[in-house]
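Engineer: Using the sequences provided together with the hints, build the complete structure.
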Amino acid sequence: QKEVEQNSGPLSVPEGAIASLNCTYSDRVSQSFFWYRQYSGKSPELIMSIYSNGDKEDGRFTAQLNKASQYVSLLIRDSQPSDSATYLCAVNEGRKTSGSRLTFGEGTQLTVNP
Amino acid sequence: DGGITQSPKYLFRKEGQNVTLSCEQNLNHDAMYWYRQDPGQGLRLIYYSQIVNDFQKGDIAEGYSVSREKKESFPLTVTSAQKNPTAFYLCATSDRAEVSSRPKKLFFGSGTQLSVL
Numbered sequence: 172q173k174e175v176e177q178n179s180g181p182l183s184v185p186e187g188a189i190a191s192l193n194c195t196y197s198d199r200v201s202q203s204f205f206w207y208r209q210y211s212g213k214s215p216e217l218i219m220s221i222y223s224n225g226d227k228e229d230g231r232f233t234a235q236l237n238k239a240s241q242y243v244s245l246l247i248r249d250s251q252p253s254d255s256a257t258y259l260c261a262v263n264e265g266r267k268t269s270g271s272r273l274t275f276g277e278g279t280q281l282t283v284n285p
Numbered sequence: 002d003g004g005i006t007q008s009p010k011y012l013f014r015k016e017g018q019n020v021t022l023s024c025e026q027n028l029n030h031d032a033m034y035w036y037r038q039d040p041g042q043g044l045r046l047i048y049y050s051q052i053v054n055d056f057q058k059g060d061i062a063e064g065y066s067v068s069r070e071k072k073e074s075f076p077l078t079v080t081s082a083q084k085n086p087t088a089f090y091l092c093a094t095s096d097r098a099e100v101s102s103r104p105k106k107l108f109f110g111s112g113t114q115l116s117v118l
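Protein chains in written order, with this note's numbering: chain A, 172 to 285; chain B, 2 to 118.
Just so you know, not all the hints are guaranteed correct.
What the hints assert, rightly or not - Pairs of lysine to aspartate or glutamate, EDC-like flavour, derived with a Cα cap of 20 Å:
1. A:K213 / B:E25
2. A:K238 / A:E174
3. B:K106 / A:E216
4. B:K106 / A:D229
5. A:K213 / B:D39
6. B:K10 / A:E216
7. B:K58 / A:E264
8. B:K105 / A:E186
9. B:K105 / A:E216
10. B:K106 / A:E264
11. B:K105 / A:D229
12. B:K106 / A:D249
13. B:K58 / A:E216
14. B:K84 / B:D60
I should point out that these hints are in silico values taken from the structure, not numbers from a laboratory.
Structural biologist: Written out as structure tokens, the structure is:
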């Protein structure tokens with residue numbers, strides 16, 4: 172079983188719609204969760220981090236965490252063509268020896284159609 | 002200009018050849034990381050270093066080597082033992098995470114695309 176799993180997509184939504192991206196993780200001790208956006212040929216950029224169960228909102232982005240179900244999601248409201256990218260879910264296990272190292276999922280490619 | 006510099010942007014390797022990817026940072030971060038990304042895939046950790054003169058293997062260290070002689074530099078050598086080296090290589094840095102605290106934000110370089118001739 173992969174440590175971090177995402178729907179590979181591609182996911183296609185019309186402009187203005189809500190895009191929903193999902194991620195599950197296998198390690199119950201995982202403490203911190205991140206969503207990165209990566210444009211083709213570029214490096215990832217952090218868009219959301221979440222550490223506690225529940226929702227965290229930042230502008231058009233909402234991250235949702237459910238540690239009991241080992242599930243984290245990202246909602247993008249009012250999707251724009253500029254949101255078209257690959258979204259990577261990443262998990263930090265929180266152990267002393269791991270520092271800030273992250274385990275990434277394979278990413279979900281999102282296309283927002285004008 | 003602060004940040005992380007990876008060079009070269011594109012690199013070609015001949016069969017049997019070792020090549021070294023450079024990663025330099027002036028963010029004064031303690032921790033540095035090397036990730037590999039294959040097309041349509043996520044990032045996989047090769048090696049990481051939390052302090053000078055110390056480094057640990059990640060999930061796919063075979064065929065790679067690193068050194069951390071200076072805080073600013075963490076070069077990655079792709080050896081001839083790595084039979085499938087074609088990938089996008091990303092260097093990242095972070096402040097050192099303290100025990101029981103949240104992990105520090107990762108900062109990424111712009112990447113090196115390695116291809117085999």
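Engineer: If a hint holds in the structure, say so; if it doesn't, say that too.
Structural biologist: These are the hints, each one checked on the structure:
no., hint, verdict
1, A:K213 / B:E25, "holds (18 Å)"
2, A:K238 / A:E174, "holds (14 Å)"
3, B:K106 / A:E216, "holds (10 Å)"
4, B:K106 / A:D229, "holds (17 Å)"
5, A:K213 / B:D39, "holds (13 Å)"
6, B:K10 / A:E216, "holds (18 Å)"
7, B:K58 / A:E264, "holds (16 Å)"
8, B:K105 / A:E186, "violated (34 Å)"
9, B:K105 / A:E216, "holds (14 Å)"
10, B:K106 / A:E264, "holds (14 Å)"
11, B:K105 / A:D229, "holds (19 Å)"
12, B:K106 / A:D249, "violated (27 Å)"
13, B:K58 / A:E216, "violated (24 Å)"
14, B:K84 / B:D60, "holds (16 Å)"
Hint compliance for this structure: hints 8, 12, 13 are broken, all remaining hints hold.
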